[in-house]
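Asks: Mapping to the numbering used here: the sequence shown position 234 is 234, numbers consecutive.
Note that these hints are calculated values from the structure, not bench results.
Nothing here was measured: the structure is a model prediction, and the numbers come from that model.
Pair by pair, the computed Cβ-Cβ distance ranges are:
hint	residue 1	residue 2	range
1	K689	L710	20 to 26 angstroms
2	K689	T656	52 to 58 angstroms
3	E607	A295	56 to 62 angstroms
4	T656	S470	42 to 48 angstroms
5	K731	E687	15 to 21 angstroms
6	M528	S602	29 to 35 angstroms
7	T578	S721	58 to 64 angstroms
8	D462	L644	39 to 45 angstroms
9	T382	E284	21 to 27 angstroms
10	A736	Y478	23 to 29 angstroms
11	E485	T382	29 to 35 angstroms
12	S470	L728	32 to 38 angstroms
13	K717	D297	34 to 40 angstroms
14	D297	L728	41 to 47 angstroms
Here are the simulated DSS-like cross-link-like pairs (lysine-lysine), alpha carbons at most 30 angstroms apart as the crow flies:
hint	residue 1	residue 2
15	K447	K678
16	K717	K376
17	K325	K378
18	K731	K701
19	K717	K701
20	K689	K452
21	K80	K40
22	K471	K439
23	K683	K452
24	K376	K242
25	K242	K325
26	K242	K218
27	K689	K447
28	K678	K732
29	K135	K198
30	K678	K731
31	K439	K731
32	K701	K689
33	K40	K65
34	K609	K632
35	K198	K109
36	K639	K663
37	K218	K109
38	K218	K163
Just so it is clear, CB atoms sit at the ideal spot from N, CA and C, and this is done for glycine as well.
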Amino acid sequence: MSLKKGRIRPPKRAPGIDQTQEYEEGFEILSNAIMVIFQKQARELSYELLYRTAYKLTMRQFGEKLYHDVEKVIADHLEKTAQETIVPAFVHTKTDTADAGASFLKTIKRVWDDYTTAIELILQVLTYLNDRLPKYNLPGVYDMGLNLFRDKVVRSEQYPIQKHLISAMLTQIQLERQGDVIDRSAIQSAVTMLAELKDPTTNGTVYSVDFETEYLEKSASFYQIESEKLVSSYDAPEFMRKVEKRLEEEYERTIHCLSITTEAKIRNIVETELIANNIHGLMEMQNSGLESMLAADKYEDLLRMYNLFSRVPAGLNEMRTFISKYILTLGSQINQHINSDLKMEKGSGQTAIRWVEEVLSLQEKFDKILDQAANKDKSFQTVFNEAFERFINENPKSAEFISLFIDENLKKGLKGKSEDEVDDVLDNTITLFRYLQDKDVFERYYKQHLAKRLLLNRSISDDAERSMLSKLKRECGYQFTNKLEGMFNDIRLSADMNGQFKDYLEKNDERLPLDVSVTVLTSTFWPMNLSTSPRCTMPPQLLTACESFEKFYFGRHNGRRLTWQPQMGTADVRAHFTKSKHLLNISTYAMMVLLQFNQHDSLSWNELKSLTQIADADLRRTLQSLACTKYKILIKSSKGRDVLDDDTFSFNAGFTCNLTRIKIQAVASKVENDSERKNTQDKVDEERKHQIEAAIVRIMKDRKTMEHNLLIAEVTKQLSSRFMPSPLMIKKRIEALIDREYLERSTEDRRAYHYLA
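The task is simple: from the sequences and hints, build the whole structure.
Replies: Structure below.
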């Protein structure tokens, strides 16, 4: 629809006509034209005539009056339209509300479309007036038309149009939420209309003030009821799928039907009612909640929960807390089961290995959960690590268990694993090592186990040992592995020295009663007490070899001292049985025991003890290896594995075996008993005293003066990579240093210390 345009000429006042008459005649032309426009008959009008008329009246200083008179004409038209077109379309019954509501919205759309088209044409007629409205401080013609539509139609004081309009829109949305198919374009048109109408009191829109507020309230009520239905009707995974669907539906509805400004608000309502208010209920759902998902490794459901919970403020924190408690529960169960097994199996090393394998399995489980169900979230990784660290350190044997596990994987003869597979296992073990707070305790056990592997030549390979050493060095630095590397160096130097000893014997034309290979250990590197030789009676042949080596060694190293440690050696012994001969690879102590049976058919426990002078504990272990393992070289009088004081032992002359060379190992590594563990801890505590004092002196030498709490914090920080010293432990070492005059208390502040050079 458009007006016919022509050339506009300046107005000339007709002679004999006063201004009032001129205005009335001109306005009559314009008002009639406006009604024709509203009747959609604008093609019959002359744009030139109408523009000149409005131009003339404006030029005659009737602009403001013309504006208000046009405003009244439009208002009258709107009131008539409301009465004759909109009110009859009201939905008066609850039956057939879907179609009736859609029909009402279409009526509103038709009225709005016709009206805005008419206002645009009226604006063309009144363009000259519209350009001069700012000096009257009046809205433009188009804005005036919108304001009239707002006041006379949408917010009509005569008719409840607003109530019916909002109700129809909300009803259509409610029907769609319930699964009905609706005409979205009708809602979209109503939304566009309301969004174009300004609210005079808030500077917002009629959409946000009249519709959106009620829409959000009704939506909150709907989703409160929906939440109750979903919780009572579905398990956790299905509940979450329904929530995802609702979120998707609301987003799609908002994008296509409503204002984009509503999207975040309706999303917040859905998230609050369906997610935030159901966090605990969802996680704790019996047989389908978070615990069930974790137990069954339901990565898809876990990821869905992670994504949903990430939408609400406390969601992920609650999920992290729940998983942390779950890890602690599983970890505590592992600890309890292992403690029970230890009592039943009397400290078997297999129990320790089982503990590490179960913890590694748990670690692998939650690594996958982190990767596949938590988007590799760093905050989840931190919580997982804290939970593992806590339950691992709640087990006082964890450092020993981890060392035993490494020991098992680095031993020769380990079946079913290649070196690469062993390396992968050790990489995983380092993860557990990181969790240990008392790494110095682990170091002590690792030294003990490494010493046995090196001295008994039981390592799977030198490369594997050094690879593990490199891993520990990367984790803790050179200081941690310094002594361990010293042990390897002793083995290397000893191999060279044995070659030199052999040359020495040949040069001096000296023949020994047996071949001997000596490993010389630096006492500060190795975990055993090497300062004194254990009490035992060495065979004459061995004594001769030892004396020859001492003569060779002291000829090259003046001022050094050697103390023999037969309990750490091995021997190859030829044994003649009734039907076969075998070469037995046994411990030096086992050799001492077997040699006694060259002169005796049977010997009691007390007789063997007297002849060998071996300490009780070592003698019992030695006899167990000879009489209670797969290869029974000796026959024990009593049943069972324990060696009793009244036991008698005899040589098993009828022993047979398909192997020519038989390796009889000492009884497998065992977990320490309470007494042994106390002894180990005492040694660790003594070493910690020196380390704490060294740290205090280093710090104070640098700072000169320091307040007590700051010194405690700095010492803790420096030592935390090895162990966590308690404030009381540090305080005692400070007092010891004061007594020895390394430090003194400040006379000005008794909580501060001075370093004494």
